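The opening residue of the sequence shown carries number 1 in full-length UniProt numbering; numbering runs sequentially from there.
Hints in this document: simulated from the structure, not taken from any laboratory.
Note that the structure is a prediction, hence the values are computed from the model and not measured.
A couple of the hints might just be wrong.
Unchecked claim - Each pair of labels, with its calculated beta carbon distance range:
no.	residue 1	residue 2	range
1	Ala156	Val244	20 to 30 Å
2	Lys95	Asp151	17 to 27 Å
3	Glu309	Lys83	21 to 31 Å
4	Lys95	Glu292	37 to 47 Å
5	Glu180	Lys282	24 to 34 Å
6	Glu111	Glu134	37 to 47 Å
7	Gly228	Val139	34 to 44 Å
8	Glu325	Lys95	22 to 32 Å
What the hints assert, rightly or not - Once the Cα atoms are required to be at most 25 Å apart in a straight line, the calculated DSS-like pairs of lysine-lysine come out as:
no.	residue 1	residue 2
9	Lys149	Lys198
10	Lys96	Lys311
11	Lys70	Lys311
12	Lys340	Lys69
13	Lys70	Lys82
14	Lys84	Lys71
15	Lys83	Lys334
16	Lys282	Lys237
Even for Gly, the Cβ is constructed at its ideal location relative to N, Cα and C.
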Amino acid sequence: MGTLLSGALALPTTTPNSFERREIAERDLSASLTAVLEQALSLLKGGGAAANEGAVQEGGDAAGAEEAKKKQEAALLAEEAKKKEEAALLAEEAKKKEEAALLAEEAKKKEEAAAGEGAAAEGEVAVENEVEIEGAFDVAVALNGDDIKTDVVFTAEATGKLEVEFQAATGTDVTVTQNETPGTAPAGFKFLDPKSYKVVLTEGAQGITLQKIDYILDITNAEVIAAGDLSLGRIGKLEGEAFVVENVGELEFEVEENELSLTVADLNGEFAVFVPDAEGVKLAEEAKLAEEAKLAEEAKAEHAKVAEEAKAEHAKPAKEAKPAEEAKVAEEAKVAEEAKAAHPAKAEVSNTLNQ
Numbered sequence: 001m002g003t004l005l006s007g008a009l010a011l012p013t014t015t016p017n018s019f020e021r022r023e024i025a026e027r028d029l030s031a032s033l034t035a036v037l038e039q040a041l042s043l044l045k046g047g048g049a050a051a052n053e054g055a056v057q058e059g060g061d062a063a064g065a066e067e068a069k070k071k072q073e074a075a076l077l078a079e080e081a082k083k084k085e086e087a088a089l090l091a092e093e094a095k096k097k098e099e100a101a102l103l104a105e106e107a108k109k110k111e112e113a114a115a116g117e118g119a120a121a122e123g124e125v126a127v128e129n130e131v132e133i134e135g136a137f138d139v140a141v142a143l144n145g146d147d148i149k150t151d152v153v154f155t156a157e158a159t160g161k162l163e164v165e166f167q168a169a170t171g172t173d174v175t176v177t178q179n180e181t182p183g184t185a186p187a188g189f190k191f192l193d194p195k196s197y198k199v200v201l202t203e204g205a206q207g208i209t210l211q212k213i214d215y216i217l218d219i220t221n222a223e224v225i226a227a228g229d230l231s232l233g234r235i236g237k238l239e240g241e242a243f244v245v246e247n248v249g250e251l252e253f254e255v256e257e258n259e260l261s262l263t264v265a266d267l268n269g270e271f272a273v274f275v276p277d278a279e280g281v282k283l284a285e286e287a288k289l290a291e292e293a294k295l296a297e298e299a300k301a302e303h304a305k306v307a308e309e310a311k312a313e314h315a316k317p318a319k320e321a322k323p324a325e326e327a328k329v330a331e332e333a334k335v336a337e338e339a340k341a342a343h344p345a346k347a348e349v350s351n352t353l354n355q
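Could you put the whole structure together from the sequences, leaning on the hints where they help?
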């Protein structure tokens, strides 16, 4: 009987013997092995491609992370450089201020030295243009002209001595008379020297450069010692029947000389020396306390102002640093966002794990 098929798949028309059966089995096994090998190779190729794809993905993630790290490091280095630059600018500014202070101090010293030389020169001129003479009561004393300052010192009394200062282009005579029974003392005051002094300028008081009444206190006298604070003393001028101490001239107390000095517009008149009585001392103390309180309040306000300015100056660097800090945070957030955008799959996995 002939075969129905031809080739490898042809079926025999006769029953195969044992040799033929073994050959067929070996052939079938070989075909099966070939198929298995082909399938394994196919799987290996697919797995290799997937592995390569995974490696590429993992490599991309690593490269992105490295890039983000580099950007962050660059931002930190930029911030550090900015801080160093700001510190250098602050140091330079401080150096300039210090140099300016030194220059100002040097200029001040030169100015003081020049002022001292000028004062010394003026002092020499003043000494050359000043004379002191002794005067006597009830006697006309000649006063120099030519703008020469003339000090006339009269005989000392128990509590001190009177002095008249005069300076004018034209000379004149001055006569001083003592009054043993002066008028009434101003309210709050009492006589230190029990006498008053009448002054008369022969040519009047017009066109005179300087007119002063001085009283040099004897600090060893019991009355003067009992008076206490001598700076509270006054030189008054008779107005009608009573003496006044207000608005009669410019009063000074020279501590070194223990001298009350009153500059007036007209030396003609009657003058006397006063110190506060008990009520006057009380009023003077109250006025002094009020003045001290006022000064303390002004000092307090000034201190508060300085403290506020110092506080504002201290807060200034922090205020200036805030924008830089905000910029740093924004830069870090930007870097993180860029890294996230570059690797969304990794970010999604991270978010899933966090959930």
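Hint by hint, here is what the structure shows:
1. Ala156 to Val244: 20 to 30 Å: Cβ of Ala156 to Cβ of Val244: about 26 Å, so the range 20 to 30 Å holds.
2. Lys95 to Asp151: 17 to 27 Å: For Asp151 against Lys95, whose Cβ atoms are near 55 Å apart, the range 17 to 27 Å is violated.
3. Glu309 to Lys83: 21 to 31 Å: For Lys83 against Glu309, whose Cβ atoms are near 26 Å apart, the range 21 to 31 Å holds.
4. Lys95 to Glu292: 37 to 47 Å: 42 Å, holds
5. Glu180 to Lys282: 24 to 34 Å: 30 Å, holds
6. Glu111 to Glu134: 37 to 47 Å: 41 Å, holds
7. Gly228 to Val139: 34 to 44 Å: The hinted range 34 to 44 Å holds for Gly228 and Val139, with Cβ atoms some 35 Å apart.
8. Glu325 to Lys95: 22 to 32 Å: At roughly 27 Å between Cβ atoms, Lys95 and Glu325 fall inside 22 to 32 Å, so the hint holds.
9. Lys149 to Lys198: 21 Å, holds
10. Lys96 to Lys311: Given that 25 Å is the threshold and the Cα spacing comes to 22 Å, the pair holds.
11. Lys70 to Lys311: Roughly 40 Å between the alpha carbons, so the hint for Lys70 and Lys311 is violated.
12. Lys340 to Lys69: Measuring from Cα to Cα gives roughly 13 Å; hence the hint holds.
13. Lys70 to Lys82: Within the cut-off at roughly 18 Å; holds.
14. Lys84 to Lys71: 20 Å, holds
15. Lys83 to Lys334: The given pair, whose Cα atoms are some 21 Å apart, holds under the 25 Å limit.
16. Lys282 to Lys237: Measuring from Cα to Cα gives roughly 23 Å; hence the hint holds.
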